[in-house]
Amino acid sequence: MAVVGAGPAGLAAAIEAQKRGLNVLLVDMNLKAGGQLIKQIHKFFGSHEHRAGTRGIDIARDLYEEAVSSGVEVWLDAAVYAIYPGPVLEIARGILATRTASKEMVHASRVVLATGASENAVSFPGWTLPGVMGAGAAQTMINVERVLPGKRVLMVGSGNVGLIVTYQLLQAGAEVVAIVEVAPKIGGYGVHSAKVRRAGVPILTSYTVLRAFGDRQVEGAEIVAYDEHHNPIEETRQFLDVDTICIAAGLKPYAKLAALAGCELIYSPVLGGWMPVHDENMHTSVPGIYVAGDLAGVEEASTALEEGRLAGLSAAESLGKGGPDAADEKESIRERLSMLRIGPFGKARADAKSEVIKVGEKICRAG
Amino acid sequence: MPRGLTVDGFPTEEELKKSPGYPSEERFKRGPVAVVECVQEIPCNPCELACPRKAIQVGVPITNLPRLDEEKCTGCGICVARCPGLAIFVVDKTYSDKEASVSFPYEYVPLPREGDVVLAVDRAGSVVCDGTVLRISNPKRNDRTAVVTIAVPKGMADEVRGIARIRGERIG
Amino acid sequence: MSVLDDDLIICRCEEITVGEIKKAIREGARDIAGIRRRTRAGMGLCQGRTCESLVLRILARELDEEAGRFHPNTARPPVLPVTFGVLAGEPDE
Chain A
1 MAVVGAGPAG
11 LAAAIEAQKR
21 GLNVLLVDMN
31 LKAGGQLIKQ
41 IHKFFGSHEH
51 RAGTRGIDIA
61 RDLYEEAVSS
71 GVEVWLDAAV
81 YAIYPGPVLE
91 IARGILATRT
101 ASKEMVHASR
111 VVLATGASEN
121 AVSFPGWTLP
131 GVMGAGAAQT
141 MINVERVLPG
151 KRVLMVGSGN
161 VGLIVTYQLL
171 QAGAEVVAIV
181 EVAPKIGGYG
191 VHSAKVRRAG
201 VPILTSYTVL
211 RAFGDRQVEG
221 AEIVAYDEHH
231 NPIEETRQFL
241 DVDTICIAAG
251 LKPYAKLAAL
261 AGCELIYSPV
271 LGGWMPVHDE
281 NMHTSVPGIY
291 VAGDLAGVEE
301 ASTALEEGRL
311 AGLSAAESLG
321 KGGPDAADEK
331 ESIRERLSML
341 RIGPFGKARA
351 DAKSEVIKVG
361 EKICRAG
Chain B
1 MPRGLTVDGF
11 PTEEELKKSP
21 GYPSEERFKR
31 GPVAVVECVQ
41 EIPCNPCELA
51 CPRKAIQVGV
61 PITNLPRLDE
71 EKCTGCGICV
81 ARCPGLAIFV
91 VDKTYSDKEA
101 SVSFPYEYVP
111 LPREGDVVLA
121 VDRAGSVVCD
131 GTVLRISNPK
141 RNDRTAVVTI
151 AVPKGMADEV
161 RGIARIRGER
171 IG
Chain C
1 MSVLDDDLII
11 CRCEEITVGE
21 IKKAIREGAR
31 DIAGIRRRTR
41 AGMGLCQGRT
51 CESLVLRILA
61 RELDEEAGRF
71 HPNTARPPVL
81 PVTFGVLAGE
91 PDE
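Chains A, B and C, in that order, give the protein sequences. FYI, this note's numbering numbers position 139 of the first sequence as 139, with every residue one higher than the one before it. FYI, this note's numbering numbers position 97 of the second sequence as 97, with every residue one higher than the one before it. FYI, this note's numbering numbers position 17 of the third sequence as 17, with every residue one higher than the one before it.
Warning: the hint list may mix true and false statements.
[Unchecked claim] Under the rule of at most 25 Å between Cα atoms (straight-line distance), these lysine to aspartate or glutamate pairs were calculated in the DMTMM-like manner: (1) Lys347/A x Asp122/B; (2) Lys358/A x Asp5/C; (3) Lys22/C x Asp5/C; (4) Lys32/A x Asp58/A; (5) Lys185/A x Asp143/B; (6) Lys140/B x Asp58/A; (7) Lys330/A x Asp130/B; (8) Lys362/A x Glu66/C; (9) Lys151/A x Glu41/B; (10) Lys140/B x Asp241/A; (11) Lys151/A x Glu15/B; (12) Lys140/B x Glu355/A; (13) Lys32/A x Glu104/A; (14) Lys185/A x Glu159/B; (15) Lys32/A x Glu41/B; (16) Lys347/A x Glu361/A; (17) Lys185/A x Glu66/C; (18) Lys347/A x Glu317/A; (19) Lys185/A x Glu41/B; (20) Lys185/A x Glu14/B; (21) Lys140/B x Asp77/A; (22) Lys347/A x Glu66/C; (23) Lys140/B x Asp62/A; (24) Lys330/A x Glu355/A; (25) Lys54/B x Asp62/A; (26) Lys347/A x Glu107/B; (27) Lys358/A x Glu335/A.
[Stated by the list, open to error] Cβ-to-Cβ under 8 Å is the rule here; a few derived chain B residues that face chain A: (28) Cys38; (29) Ile42; (30) Leu49; (31) Pro52; (32) Arg53; (33) Thr63; (34) Leu86; (35) Ala87; (36) Glu107; (37) Asp116; (38) Leu119; (39) Ala124; (40) Arg135.
Note that these hints are calculated values from the structure, not bench results. Here the structure is a predicted model, which means the values were calculated and not measured. Backbone N, C-alpha and C define an ideal beta-carbon position, used for all residues, glycine too.
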């Protein structure tokens with residue numbers, strides 16, 4: 001079995017399948033395994049089953065060690081740039097670290113795609129200036145590369161990513177001048193917003209960024225509030241002295257490879273946009289190909305972990321390696337997944353996910 | 001005018017007082033107690049395991065608001081560093097005749113030092129009074145979340161929830 | 001969403017503006033692939049990773065349709081930038 005992407009979903013899928021007796025190859029284009037976990041320096045929410053209260057960076061390290069010690073073969077700096085019927089993966093190895101990148105063709109009887117998500121852009125005058133960047137990119141700079149993207153930051157978007165990255169920019173020593181949120185309410189968890197408010201960062205709801213100023217780089221931003229009819233309120237128009245504008249406008253599943261593999265896609269606004277259809281075993285419309293994590297709908301690391309386990313287990317089961325507890329185990333994973341999708345924040349995702357699975361049950365043959 | 005957690009970004013007094021994690025005024029009068037400022041139903045429960053006396057319950061489903069058993073709570077503060085949302089505080093309104101103490105999680109460097117006079121802030125991040133640092137607790141089990149305790153005027157015990165970040169390098 | 005000026009760049013890689021995308025729609029483009037063929041939006045280094053959802057929103061708004069009506073660009077290998085050396089299976093010197 002080949003797993004593409006060593007984030008929480010890919011790592012969990014690889015560990016689960018390897019433990020059940022498959023030979024697993026886990027490939028990731030980055031130099032370090034863990035996906036987004038390697039920049040999550042905060043303690044995670046969730047339940048103890050998902051190691052809540054532990055920092056994401058530590059979960060990444062532990063999962064990677066578990067994968068390696070259970071016998072998973074891991075290729076880092078290995079970019080899967082094509083997938084053909086078979087399935088066969090075409091992989092470039094060593095692009096980042098060496099000058100002698102090589103091509104590998106890998107045939108696998110099962111493939112789990114866990115390619116994650118990419119950040120949504122927002123277009124406004126000046127958005128192409130250096131200094132405008134995704135909040136996730138800023139987070140990579142501060143927490144992985146240890147480089148401060150700027151000294152005075154405007155954060156656009158108050159979802160959990162916007163709030164958490166704001167907090168981490170403060171920890172890294174930057175000033176976050178304000179968070180603007182186009183909606184009338186804050187998008188992310190109240191505990192995250194409370195944390196950044198306590199640190200003195202204003203959160204301006206019903207506000208938007210109008211433009212970024214600057215000659216060769218960001219030198220300022222103009223923001224304005226909207227009334228309930230979406231008309232700008234002129235007297236709220238103001239100039240902010242910032243050198244960086246971070247965009248936290250949500251994520252979309254990175255479905256290019258799944259599309260290339262021939263997986264049927266479905267549009268789910270709640271789950272981030274176009275994503276592969278899958279059934280309740282995480283199996284896609286293409287025999288032998290599974291998906292998990294943000295690719296299968298943008299959610300959280302804990303859901304990615306559980307979906308990865310489910311995909312790995314289902315793949316093993318389809319090859320006769322599920323073991324006697326496979327059915328029970330799948331049920332308990334699904335139970336935990338549904339527990340992660342309750343409450344005011346989870347309900348919409350639960351509904352969207354069951355829509356996807358409903359379609360999936362029709363077009364995704366058992367692998 | 002307070003507009004509530006989802007607009008202002010921090011809970012109002014009303015939101016706090018009707019949540020099951022907020023101690024009664026009577027309990028405050030009896031000494032240090034945990035103040036759980038978690039008023040939104042999110043799937044999270046590390047606080048439940050954190051307390052050795054089982055004074056915080058989430059139960060099933062995991063989105064339940066944490067319920068503080070104020071009789072069991074001794075105000076030991078173990079939960080403060082364990083809450084991933086940094087939403088638990090310990091307030092001691094009996095600290096001295098004129099002062100209360102407030103303990104809060106603090107994840108910035110440099111850390112303040114014992115005896116420092118610091119700028120105490122409220123939930124909106126506004127500086128409301130001076131505070132004196134009583135202690136900084138950062139044992140291994142806190143996993144790098146320091147818990148800072150400051151003394152503030154008694155009347156500020158319900159307002160103060162942190163300090164202004166300390167700027168600049170500090171060696172040693 | 002604020003009104004988009006016609007000279008605002010949407011596809012950074014190929015420097016394609018809102019005006020050019022709207023023109024392509026007036027000329028008959030009815031999906032993302034149609035925009036791509038007419039303007040090259042989404043054909044640069046990032047292969048639409050950044051601009052595709054922006055193009056999708058302009059299409060939906062100009063044609064007054066649901067965003068979910070517009071399928072993403074056809075995926076073709078390589079989905080990530082790789083050197084010719086890698087594609088040819090030769091060591092990249």
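Do the hints match the structure? See the list:
no.	hint	verdict
1	Lys347/A x Asp122/B	32 Å, violated
2	Lys358/A x Asp5/C	41 Å, violated
3	Lys22/C x Asp5/C	11 Å, holds
4	Lys32/A x Asp58/A	13 Å, holds
5	Lys185/A x Asp143/B	32 Å, violated
6	Lys140/B x Asp58/A	14 Å, holds
7	Lys330/A x Asp130/B	55 Å, violated
8	Lys362/A x Glu66/C	24 Å, holds
9	Lys151/A x Glu41/B	35 Å, violated
10	Lys140/B x Asp241/A	40 Å, violated
11	Lys151/A x Glu15/B	35 Å, violated
12	Lys140/B x Glu355/A	45 Å, violated
13	Lys32/A x Glu104/A	20 Å, holds
14	Lys185/A x Glu159/B	24 Å, holds
15	Lys32/A x Glu41/B	34 Å, violated
16	Lys347/A x Glu361/A	21 Å, holds
17	Lys185/A x Glu66/C	24 Å, holds
18	Lys347/A x Glu317/A	30 Å, violated
19	Lys185/A x Glu41/B	16 Å, holds
20	Lys185/A x Glu14/B	18 Å, holds
21	Lys140/B x Asp77/A	34 Å, violated
22	Lys347/A x Glu66/C	23 Å, holds
23	Lys140/B x Asp62/A	18 Å, holds
24	Lys330/A x Glu355/A	19 Å, holds
25	Lys54/B x Asp62/A	28 Å, violated
26	Lys347/A x Glu107/B	32 Å, violated
27	Lys358/A x Glu335/A	17 Å, holds
28	Cys38	6 Å, holds
29	Ile42	5 Å, holds
30	Leu49	6 Å, holds
31	Pro52	15 Å, violated
32	Arg53	18 Å, violated
33	Thr63	3 Å, holds
34	Leu86	5 Å, holds
35	Ala87	5 Å, holds
36	Glu107	6 Å, holds
37	Asp116	18 Å, violated
38	Leu119	10 Å, violated
39	Ala124	6 Å, holds
40	Arg135	20 Å, violated
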